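Novice: Read off the chains here:
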Amino acid sequence: MENFPVLLTILLSPVVAAIIMAFIPREEHLLIKCVAATGTFISMALSLYVFFAYDQSLGGLQFVQRIPWISDLGVTFYLGVDGISLPMLLLTNLLGFSAVFSSWNVNHRPRDFFILFMLLVTGVMGTFVAQDLFIFLLFYEVVVIPIYILVIIWGSTKRVTKEYAGMKLTIYLLIGSAFLLVGVIALFMKTTAIQGAPDMSFEGLARAARYLSEFDQKWLFALMLFGFGSLLSMWPFHSWSPDGYAGAPTAVSMIHAGVLKKIGGYGLIRIALYILPAGAKFWAPVIAFLGVCGVAYAALAALAQKDLKYIVGYSSVSHMGYVLLAVASLNVIGVNGAVANMFAHGIMAALFFSTIGFIYEKTHTRWIPDLGGLARQVPRIAVAFMLAALASLGLPGLISFVPEFTIFIAAFKVYGGLAVVAIAGIIITALYALRAGANTLFGPPRPEFNHLRDIRGPEMVPLVVLGTVLVVGGLFPFLLFDVINSGVVPLMSQIGGALKIGGAF
Amino acid sequence: MDNGLWLSLAFYLLAATILGSAFLVVLLRNIVHSVLWLAVCFVSLAGLYLTLDADFLAAIQVLIYAGAVCIMVVFGIMLIQRADMKQTNLFNKQTKAAAGVVALVLAVTGYLSAVTQWGNAKTPVPKETVGSLAELMLTKYVIPFEVAAILLLVALVGAIIIAKEVKG
Amino acid sequence: MVEFALYNAWLVPLLPALAFLAIIFLTRPWPMLSALVAVGGIVASFVVSALVAYGVFTNPEFLEKPLVYAVRWFSMPGLNVDVGIQVDPVSAMMIFMVTMVASLIFIYAIGYMKGDPGFSVFFSYVSLFAASMLLLALSSNLVEMFVAWELVGLCSYLLIGFYSYKISAREAAKKAFITCRVADFGLLLGLLALQIVFGTLNLVELSDKVAHYEKYTTFGVLTLIAVLVFIGPIGKSGQFPLHVWLPDAMEGPTPVSALIHAATMVVAGVYLVARTVFIFAKVPAAMELVAVVGAFTALFAATIAVTQREIKRILAYSTVSQIGYMMLGLGVGSMTAGLFHMWTHAFFKALMFLAAGSVLHALHHKADIWEMGGLIRKMPVTGWTFVVGGLAIAGIPPFAGFWSKDEILVAALESGHYVLFVMAAFTAFLTAFYMWRLIFLTFFGEENPANHPHESPPVMTVPLVILAFLSAVGGLVGTPWAPVWSQWIFFEHPHHVEPNYWVMIGSVVLAAAGIYLAYQLYVVDKAKVKVKELAERYRHIYTILYNKYYIDEIYLWFNHTIIDGAAKLIYLFDIYIIDGVIVNGLAYLTGLSGESLRVLNTGRLQNYALVFFLGVLALVVLLAFTGPSSASLTLGGVK
Amino acid sequence: MNVNLSLLAPELFISALGLAVLILGLIVPKDSRHGLGWLTVFGLLLGMGITMAGWENQGTLYGGLFVVDQYAVFFKLTFLVAAFLVVLGSMRYVDMMGDQSEYYSMILFATLGMMVLASAGDFMTLYLGLELMTIAFIVLVCFRRNDVKSVEAGIKYLLLAGVSSAVLLYGLSLVYGLTGTVVIGEVGRALTARPVPALILGLAMLLAGLGFKVSAVPFHMWTPDVYEGAPTPVTAFLAVGSKAASFAVLLRVFIGALPAVWAHWAMLVAVLAAVTIIVGNLVAIPQTNIKRLLAYSSIAQAGYILVGLITATGPGIKAVMFYAFLYVFATVGAFTVVTQYYSVTGSDEIKDYAGLSQRSPLMAAVMVICMLSMAGIPPLAGFVGKFYLFKTIINDYLWLAFIGLIMSMVSVYYYLKVALVMYRDEPADPAPIQLSAPVALTLLIAMIVTIVLGVYPGPLSEATNVAAQSFWR
Amino acid sequence: MLPLTVGLTHYVVLSALLFAIGLFGVLSKRNAVAVLICIELMLNAVNINLIAFSKYITPTLFIGQLFAVFVITVAAAEVGVGLAIIIAIYRNRLSVNLDDFDWLKW
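Chains as they are written, first to last, in my numbering: chain B, 73 to 577; chain A, 19 to 186; chain H, 65 to 703; chain S, -9 to 463; chain W, -18 to 87.
Next comes chain B alone, as it looks inside the complex (with noise of 0.2 Å):
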């Protein structure tokens, strides 16, 4: 087991599965979706295991592998993980294990939906357990186009039509990874002609980035920024996302709510913060700003919207408004914070998305005005939109409200004023938050919805997988914060020196 490379097969996992289904007869949808399920189980299994395998008092990275890829660019194909990108590993296959039975009824064209959606999985996979920036721009787009086809084809239209919110979504985000890539090829240049030898693993870019000027340092932030902000629905670059999860099949919606958008706040974190602390100090009340912007902006524009999807689209970008918030407030706590809350969301997005995808199934529709009483015909779905709803507004006991907790205390201490308007987001997330779940599960039960029956078999799994971690991850809030702690505390150590902000208090 010792030199097993675990990540290695993680990553392939899903992989091997779309290559089978590939040899799979289309019609053979059963089998098909055995075969998904079971990729993504044995991924999942193997990422719970090195959570768990993960040796926190060791920290740093480990599950290492390193392979010389590129010379001349000085890229090693470098994967392993530590306390940050371990939750975001284990979130991705957790929600692709739950998103794969929460498409357990799709019946057009199953073998590509599937196939799309493991190599979908695997790049956002990739991405965290990368350690070099080189590779990590691999898998960094690798999900876009499966995620553009899988919106047009199983998606929905509703006030945008699919076709359109497909491509927002694609080139939207690309937009920003144009400016992102610049920053990165900069950066690289910037580093070789520093170091003599090009190295484009995280360390070492990070190693010699601390000698570029200021100037540099800000300026080439900044362009991260936008590329990972805009990713992240950092307010006002955020209007792909509720389009894009509105005509998102759910798998999708789930995996981009989930875990892809959190690609950016792990390349902000890891990437940025990492590698050019001192941009990030710069840029910190910047970033703060915006984050409290996109908290109470996409918060109050949750309340005024009507599609369930839009609302929980809203939501995550006010989500990611701690996040940002989180990261701009550049010590431990904040950061700490900003990943779990990152892993928070991301099991709440997903459990969200997943039930409203089942509510949609059976009522073919997701306007909620012709909703509602829900909760007496199809009590599980009922069940499972409430612990969504309620980590949404964070509630203690359920995963998010830990995550919250620090980053309030981290942006309290920094920023005051302007985090208590985040703060006071809380009111209104609990307001949109329940507003849906009253009008949509509660009041008077709809005759037209007698007939439909309550989910059962494989469509429990999301709501059983997920509603575990999200009642889990809040009573034992210490299982995730250890194993990220264990991650930011050496980061921030490392870069301290250039953020010269008091320590802890």
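Calculated from the structure, these hints are not laboratory results.
Remember, it's a predicted structure, so these values are computed and weren't measured experimentally.
One thing to keep in mind: the hints can contain errors.
Residues of chain W placed beyond 12 Å of chain A at every Cβ, according to the derived structure [as the list claims (entries may be wrong)]:
1. 84
2. 86
3. 87
Mimicking BS3-like on lysine-lysine, the simulated pairs with C-alpha atoms at most 27 Å apart in a straight line are [as the list claims (entries may be wrong)]:
4. S/139 with W/86
5. B/230 with S/407
6. H/129 with H/346
7. H/592 with H/430
8. A/111 with S/139
9. H/442 with H/430
Where is the CB? At the ideal position from N, CA and C, for every residue including glycine.
Dock chains A, H, S and W against chain B, hints included.
Specialist: Okay, now just chains A, H, S and W, sitting in the frame of chain B:
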């Protein structure tokens, strides 16, 4: 100097013919007339080459251009213009714009060529032009030469293929 | 045994929590079994609590030093949060009271909820509710307390909205949660500030540090923190101006009302203030605030209660008013008095709610007291127990309410809060009046022929009787002559109250006056002419009171006009400006430029040649007029 | 004169092959001319082998007139690979067109022209190589001589190529006049940093003439028309072979002969690259014909490759080579799909590609992957190529990097519109498209190489590094 | 030296003039054949340059002349192919008017 004077005279004369006939080629409305003036232009060019001590080139010019090319063009015209030849070579709608652009191009090329301090080797050209060219072609420049041969083959085959009547 | 209970007090919240899990995952299909599990859980918890209480109240060491055991919940550099159990007299009293009342309510609910399709779910919810409340009581850390605090809120949400198919229930639940959220926002800010300033949220450590707060922060900040923390209780305990959710919470099943209003949720605010009293004690201004809010709320709610017609709604406003009393007690510096009132109130208010539930049960949920009357003949147990509750709340000795109310009044007077004292005294009069108005209209006078009441089954009446007993004697633990209560429940040093006979007599007179007035108006005057006349004469005041000072309407307006309006505005801005103009606009421009450039490819090859030579010209011009120097200046290019 | 003929082996082999195909066409009966395709394919494979074998065998012939360095060899390999893939993927199409022997020999002679171009050490060889390639292409473009579009494309290409050759020649003649030599290396030594007026003119004309061949804006106008009208395999070969060869010679001329005035032309090339990228990508957006769309996209690609020229350094040359190589696979892959689809349906309109993903998942996948590689989406080869290209200019031409990368993301828009039609829509005729083995092989090669080069570009990167270093030897 | 005395510059300017005339024809004539012969004029302009440079710059090397030979060869080949295409297109469209050949556009 005497020689130079004659040369100058010849140059101006030939230049005037070349430019005049070239103008006519462009301006005339009958394509056959244009081709005829083209032949005149080519012949005078051959004369110009003689003033540049390029007798072999002059010969080729007459043979290939004034002879072969012009005849070929006339054949071509005959194949496609079976009716009246009078209005066969008209100007298109962008003539004015073209004139403007050409004027600018001419101004730029003419000016930039004219103001350049060109070198002048002041060495006479060896008399043995044909021999020297032949030797160059078959030794140092054999690759371009062979390529030219293949090129002609390609052109030949290509012309046949393209012009071949389509059956059925 | 006692030792075991003391050191394993975590069982107290855990047992109901386990009951919750067991019902949800195992016994849900079998209602009676579920009920048994729930009752078993809470009774077991009561037993442990009783042992804990016994252990605490027999060992004065707990007065000096609370028993705390905790485990790490999560930690990172600069932030350590423990979860633990803090056993001291206050928490022991609290869990004892909560488990006792809750046990009775659970048992009562077996009868009350019989036949309800959500029977099992109901018991799972109330179990969770009890667990949360007990965790709140035992918390050793403010974060933990906040967690429990919110869980209590969640359970109240679930229970108020228990009849979720009713739109009113759904809205009431939402309103309760969101109103509390607004308050929690303040509380959360306060907790954050505490953590940031003092670096800990453990109660024991915090109280040590706050004692020397000068080392950490300024007086101003501490004041702010105290005020922020107090916002939480304002919401949770239904104090003005966040009391609006509480009357609406009557939409839940009656046992829930009892649980929420009597023993548990609403007094959580009082309990929190008591738990963090070390902060308030340092900040007189915050104490004043607590006292003023309490007194004002007491009076304010009482005035509303006078005009209400629905039985549970009157009780709800009475609760608001009574909690105002408790806050007043805490605010004037007597934690002893405040908590004492909480203790007695738990019994008599639970009693009244359950009795009211019994009435509603009998009348098939017809709630208007004007349509009742003479019920005592058909429902003697319910009626007479309710009367006991009425006497207790009105403050007639020796019933429980008298002692605690008296103590608060004395504390207010002694601390020099004369205005507040007068307000409280007047409230006492009003309380007696409206409560007896209710009793007279409901249980006495003429029967309404439309009703066919019948006494409730023993499973409901037995708890009523027990509670009536407790309401009668529960105050005896804290009489001025035998101040057992104040020897155990106090802050810093025992608060010994000398019996103040003037206040005693005064309050009894006021209570009697209130009851008499009610008797005159509602019993003697059979046709209720005078009442109608009064209502007519003071029409405006009556309307305002009947409409609860229009506070609900103001909030509704604020919510629907300001918040939703802003939401709508932002949404429109989002889709038309950010998305429409900027994002789609850029995309449209891109497409448009493509379309327009495309037209240049006319298909005429001579156009192409023309463009070609324009290109050549452009190149020449660029080359000729942009040397390396000027070009590099303009486009940042050549080295 | 002692001539090391082994250096000429690839060229000799290909010309022999071309002649053989031509002659065999006269001998072989009409029905079995199909075999000529296979002969060409295997011949090209052998040619690749011969060329590869000469990787270490470097030298110059005739005093620098013919340069065989690894730079040239790499490009020759690129052309041969392109020709190989094009022929392999289009044999059925060619059988439908008829005149196989002429077609294949033209392809081979065009390849020969490119190879000569890659090795050209002087202007005359350069010119003849260029013209050999061009004339062969002209013939190929109007090979479907009963198709109006094909012939129209032919005449457009002929006349515009003639004009551009004249301009190029004019420029070459001026450079010759100024330096007294036509050998590229000697020109480079003879020129000084201060340009005389005629050199400015010559520079502009060279850039325009070669810009025409690589279809740089504003010399690109012929590209869409010719690409649309030409037989699709020819378009593919035109897009990859002709373009790559022209880039090979563009680099040779500008970096080899004109480094002295680099400071003057660098900015020009940068502007040209920017304009090309912008116009190519923007105009591709509204296209409805797949070939036209790919034409505009190839214009944009030319803009990207031009970026590598700007710095006139080893990494830039390397980037150009790298990109040219991967571009071959992406383009041929896409065009092979177009060819195949045309043979089945007779349409090149994008809307007619509806449901391709269901009729032939492989074709749809190859199309999407190839297009996205052109757009530079990781982990496909195009991304690595763009990375190499832009890394050379990032320090001095940041604005160009922004333009280039943002426009490459814009380009995804029109590529995805094709994907949209192929994947979302239901096919009009749901019958699966049967791929013949060679076509399937071509598609697989294109797809796999495009992915592999994107994921593991190490070896190619090494090779291009070596080749780029050989440029100055 | 008198400007009248013929030197290299004269030839170069003459070349430029001829090039321009040819170019004008290329840009403005409708008849495809006319455009073709105008291209020949442009090529001849180049030849003037080449031969003049050959005489004045490298009189003994004959590079320019050789270049001119190749240009003439290629030009002839081009004309051949060009005429073939024109014939083919005439057969298809019954026109040699370049303005008609705009089926391929945008």
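Novice: Does each hint hold? Answer for all of them.
Specialist: Structure-based check of each hint:
1. 84: holds (17 Å)
2. 86: Answer for residue 86 of chain W: holds, closest chain A Cβ roughly 15 Å.
3. 87: Correct as stated: the minimum Cβ-Cβ distance to chain A is 18 Å, above 12 Å.
4. S/139 with W/86: holds (11 Å)
5. B/230 with S/407: holds (20 Å)
6. H/129 with H/346: holds (20 Å)
7. H/592 with H/430: OK: residue 592 of chain H and residue 430 of chain H at ~21 Å, within 27 Å.
8. A/111 with S/139: holds (23 Å)
9. H/442 with H/430: It holds: about 16 Å lies between the C-alpha atoms, which stays within 27 Å.
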